[in-house]
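S.K.: We have chain A; now place chain B onto it with these hints.
Sequence order for the protein chains is A and B.
All residue numbers for the first sequence refer to our numbering, where the first residue is 1 and numbers rise by one.
All residue numbers for the second sequence refer to our numbering, where the first residue is 1 and numbers rise by one.
Check the hints yourself; a few may be wrong.
Said to hold, decoys possible - For lysine-lysine, the following PhoX-like pairs were computed, each having C-alpha atoms within a straight-line distance of at most 25 Å:
no., chain 1, residue 1, chain 2, residue 2
1, A, Lys-447, A, Lys-537
2, A, Lys-308, B, Lys-68
3, A, Lys-40, A, Lys-106
4, A, Lys-222, A, Lys-338
5, A, Lys-173, B, Lys-71
6, A, Lys-173, A, Lys-131
7, B, Lys-20, A, Lys-479
8, A, Lys-51, A, Lys-25
9, B, Lys-68, A, Lys-173
10, B, Lys-18, A, Lys-486
11, B, Lys-68, A, Lys-131
12, B, Lys-18, A, Lys-484
13, B, Lys-20, A, Lys-484
14, B, Lys-18, A, Lys-479
15, A, Lys-343, A, Lys-551
16, B, Lys-71, A, Lys-580
17, A, Lys-439, A, Lys-287
18, A, Lys-103, A, Lys-132
19, B, Lys-74, B, Lys-152
20, B, Lys-152, B, Lys-113
21, B, Lys-74, B, Lys-113
22, A, Lys-551, A, Lys-564
23, A, Lys-466, A, Lys-486
24, B, Lys-88, B, Lys-143
25, B, Lys-68, A, Lys-580
What the hints assert, rightly or not - Away from chain A, derived, C-beta distances all over 10 Å, residues of chain B:
no., residue
26, Phe-6
27, Lys-20
28, Leu-24
29, Arg-40
30, Glu-95
31, Gly-102
32, Ala-118
33, Val-119
34, Cys-124
35, Thr-132
36, Glu-136
37, Ala-142
38, Asp-151
In short, the hints are calculated from the structure, not lab data.
Backbone N, C-alpha and C fix where the C-beta goes; we use that ideal spot for every residue, glycine too.
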Amino acid sequence: MIHLTVQGIDVEVAEGTTVLEAARKAGIKIPTLCYHPDLKPFGSCGLCVCKQEGSKKILRACSTPAAEGMKIITHDHDLYEVRRTILELTMSTHPSSCLLCTKNNKCELQKLAIEYGVREQPFEIRLAEDKKDRSTGAIVLDPEKCIKCGRCVQVCQGLQGVYALEFIGRGDKTTMSPAAHLPLNDSPCIKCGQCITHCPVGAIYEQDHTRDLMKAIADPDKVVAVQIAPAVRVAIGEEFGLKPGEISTKKLYTALRRIGIDYVFDTNFGADLTIMEEGFELIGRIKNGGVMPQITSCCPGWVDYAEKYYPELLDNLSSAKSPMMMQGAVTKTYWSEKSGIDKKNIYSVAIMPCTAKKTEITRDGEHASSSGEQDVDLVLTTREIARLIASRGLDFTNLPDSEADDPIGEYTGAATIFGVTGGVMEAAIRTAYFGLTGKELADPEIKLVRGLDNVKRGEVDVDGKKIRVAIVHGMGSAKALLDKIKEDKAAGRESDLDFIEIMACRGGCIAGGGQPYGTDDEVREERTEGLYTDDEKSVKRCSHQNPSIKKIYADYLGEPLSEKAHHLLHTEYAQVPVYKQ
Amino acid sequence: MAQNIFSDELNAYLAEWKDKPGNLIMILHRVQEEFGYVSREAADEVSRQLGIPLATIWGVLTFYHFFKLNKPGKYNIQVCLGTACYLKGGDIIIEELGKELGLGVGGLTEDGKFSLEAVRCVGCCGLAPVMTISGEVFGKVAKNQISGILDKFA
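Just chain A, with the same shape it has in the complex (with noise of 0.2 Å):
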């Protein structure tokens, strides 16, 4: 262990801890700007500068590692001129018209604008060229209001290993764009939204479809139909000053109903169904021998990536819709049939803690369409709804609970706990088991799977059959086990695995690109933990034991990958190029 001292208070360290972290344990906060826990040092915004005392030398507590017997400054008049200047340089390239800003409240600028009491523009203002990247329909890019951080270029390279946006050019001339300034939407970008929340400030956000949502609620000749993904219940919360991990799902339910909306369903139900044909499907594979191991499906920012840098791995990926998408399609075929309601009137609207959820819906052409209508009108971020919900004046907080309607609203444990790393794996193995053996698990809870290492690897034991699985979180992470089943496959090797779970975004969806800002490991921890209370309290775990999903089958699908159930749930995957110019 490491001692030191900050500000004159003791403090002890492990070894490797930066400076900024022990004065964070301290209780002192430094001011950051490109610092964010999830990222690797980067001493690019000049922020944390500190002293030592006695020492004239100005360090970047960020990218100092502490060590023993250090007398850290981290707060004296010097250091409040220099963060002082440093701010309003910042602002000198930042536009002040913060009410037009999506971050307006949240950003981390303008923050600190109000504690350091900055009131006036000492230099020359230098804005960029206002030229708004809108070319993904998910994500805006602003670079305007850059203020050149990095985070967002290391979010892409190092955390998801896209390399989407890198610096490009130099000095005030930089920008964070794709390469050969092509459009977000031609290069590797995979919509993860990661950029979005790791953001400080406005300059990377979601297109915006909340006037949508209003335009068809106010249209008299539309049935709008929602429904609400898993992590979204968990998160949506904190946009109105609850805990991260407080389950507010049915008091999103009432809102959503006061908004207008005519039917209130749950992509968890979707979920389920998800769990019967993906679960079905690998039993499939395992019994006769198809492509394996078998890879989820459910996260369109690992499909996209999977079409751009891995097309020999495509009959790999279970060949399942997502929730979302098969929640739309039995919206708009086997409910418009049970309800009368003509599909061509149905505006089938779906809540995601994502912003690639927002291309998904169009993504594989006419399998988006099974229904013959585009089986998902719309998706909204748990951001964006939020603001509508407070737009129209609820008390969210004090809402009273309502139920998800019938007969696409009934979900089990299993299904909710999809939103997290490791939960579409659990509640796929929770059915597999049963398919396979014919017998319930004594206890649904799979251990092994959860947690936020990167990969997580294990055994699950079915009946004296081992089956293999790992587990994936955070785009970057999967290089290393992607490229082993390449080498694998191509050398005609069996692999060592059966099944695999892949998310874009560590920790699952619950930190997902649409969800509140200010997602680290802690916030992570509690918005699962909120998953899987919901999941233990819930009375049925497994999907297989959901009546709604029991009577699907029975009065509609017929049984899990039936001709059916193909047509409506299943899809396909082509390579696309990395760069499309």
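M.R.: Coordinates of chain B only, in the frame set by chain A:
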């Protein structure tokens, strides 16, 4: 797969340096030596052969002023805008060249003959203002000499 646009020598060079750390800048130098600039196609080929993302390569190409992303003219004109040349009217030389050739800095004439760039010190401040055309140095250039100099490359 796009056709390999590199010469055998260049391909051999890439193969030799493929796995050595810090190879990218050297390789891009060598590519520019062969083509006079680094085209998108050339950057794609380097990316493919080295397994380095195109974004990383583009970051390097746009960081260093040395690298050219556009094809230079048959005669590349460089006008010095270093301190001495600037004070002696380097900007006036650029303006005059622009008028004569009908192009701005970074441009290329329609016939592909002349390209124009502004550079920092070329190392002979005593001759300010200085311009070079495909390596040939012209010192103490006056505005009224420009047309005559260009005629030499007609």
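S.K.: Does each hint fit the structure? Answer for all of them.
M.R.: Against the structure, the hints come out as follows:
The straight-line distance between the Cα atoms of A:Lys-447 and A:Lys-537 is roughly 17 Å, inside the 25 Å bound, and the hint therefore holds. For the proposed pair A:Lys-308 and B:Lys-68, the alpha carbon gap of about 29 Å is over 25 Å, so the pair is violated. Simply put, A:Lys-40 and A:Lys-106 have alpha-carbon atoms about 23 Å apart, close enough for the 25 Å limit, and the pair holds. Distance restraint check for A:Lys-222 and A:Lys-338: the Cα-Cα separation of roughly 17 Å lies within the 25 Å cut-off, and the hinted pair is therefore satisfied.
Distance restraint check for A:Lys-173 and B:Lys-71: the Cα-Cα separation of roughly 22 Å lies within the 25 Å cut-off, and the hinted pair is therefore satisfied. Straight-line distance between C-alpha atoms of A:Lys-173 and A:Lys-131 comes to about 13 Å, which keeps the hinted pair within the 25 Å bound. Under the criterion of a C-alpha separation no larger than 25 Å, the hint pairing B:Lys-20 with A:Lys-479 is consistent with the structure, at around 21 Å. Our distance criterion of 25 Å between C-alpha atoms is met by A:Lys-51 and A:Lys-25, whose separation comes to about 18 Å.
Taken as a hint, the B:Lys-68 and A:Lys-173 pair is honoured in the structure, with Cα atoms around 17 Å apart against an allowance of 25 Å. In summary, the hint linking B:Lys-18 to A:Lys-486 is supported, as the alpha carbons are separated by about 22 Å, within the 25 Å threshold. A threshold of 25 Å between alpha carbons decides the hint, and for B:Lys-68 with A:Lys-131 the separation of about 24 Å falls inside it, so the pair holds. Pair hint B:Lys-18 plus A:Lys-484 holds up; C-alpha atoms about 21 Å apart against a cutoff of 25 Å.
For a cut-off of 25 Å, the pair hint linking B:Lys-20 to A:Lys-484 stands: about 23 Å separates their Cα positions. Note on B:Lys-18 and A:Lys-479: the hinted pairing holds, with a Cα-Cα distance of about 20 Å set against a maximum of 25 Å. For the hint linking A:Lys-343 to A:Lys-551, the alpha-carbon distance of about 21 Å falls within 25 Å, and the restraint holds. With a CA separation close to 23 Å, the supplied pair B:Lys-71 and A:Lys-580 stays within the 25 Å bound.
A distance of roughly 17 Å separates the Cα atoms of A:Lys-439 and A:Lys-287; the hinted pair therefore holds under the 25 Å criterion. The suggested pairing of A:Lys-103 with A:Lys-132 holds, with an alpha-carbon distance near 16 Å, which does not exceed 25 Å. Restraint check for B:Lys-74 and B:Lys-152: the C-alpha separation of about 13 Å stays at or below 25 Å, so the hint holds. Note on B:Lys-152 and B:Lys-113: the hinted pairing holds, with a Cα-Cα distance of about 13 Å set against a maximum of 25 Å.
A hinted pair counts as satisfied when its Cα atoms are at most 25 Å apart, and B:Lys-74 with B:Lys-113 qualifies at roughly 5 Å. Between the alpha carbons of A:Lys-551 and A:Lys-564 the distance comes to roughly 15 Å, so the proposed pair stays at or under 25 Å and holds. Only pairs whose Cα atoms come within 25 Å are accepted, and A:Lys-466 paired with A:Lys-486 is accepted, the gap being roughly 22 Å. A C-alpha spacing of about 11 Å is found between B:Lys-88 and B:Lys-143, which places the hinted pair at or below 25 Å, so the restraint holds.
As the CA atoms of B:Lys-68 and A:Lys-580 are separated by approximately 23 Å, the hinted pair is consistent with the 25 Å bound. Look at B:Phe-6: its CB is around 19 Å from the nearest CB on chain A, clear of 10 Å, so calling it non-interface holds up. Distance check on B:Lys-20: its Cβ is at least 21 Å (rounded) from any Cβ of chain A, clearing the 10 Å threshold; non-interface status holds. Remark: the non-interface label on B:Leu-24 is consistent with the geometry, its nearest Cβ contact in chain A lying 13 Å away (cut-off 10 Å).
Non-interface call for B:Arg-40 relative to chain A: violated, since the shortest CB-CB distance, roughly 5 Å, does not exceed 10 Å. No Cβ of chain A comes within 10 Å of the Cβ of B:Glu-95; the nearest lies about 22 Å off, and the non-interface call holds. With a cut of 10 Å on Cβ distances, B:Gly-102 stays outside the contact zone with chain A, its closest approach being about 25 Å. With a least beta-carbon separation of about 15 Å from chain A, B:Ala-118 lies farther than 10 Å from that chain, consistent with its non-interface assignment.
A cut-off of 10 Å between C-beta atoms confirms that B:Val-119 is not in contact with chain A; the least separation is 16 Å. Listed as a non-interface residue, B:Cys-124 keeps its Cβ farther than 10 Å from every Cβ of chain A; the least gap is roughly 26 Å. No Cβ of chain A comes within 10 Å of the Cβ of B:Thr-132; the nearest lies about 24 Å off, and the non-interface call holds. Its beta-carbon lying about 29 Å from the closest one in chain A, B:Glu-136 satisfies the requirement of being farther than 10 Å from that chain.
The claim that B:Ala-142 lies off the interface holds: its Cβ sits roughly 32 Å from the closest Cβ of chain A, which is beyond the 10 Å cut-off. Residue placement check: B:Asp-151 keeps its beta carbon more than 10 Å from all beta carbons of chain A (closest about 36 Å).
Of the hints listed earlier, those the structure fails to meet are numbers 2, 29, in rising order.
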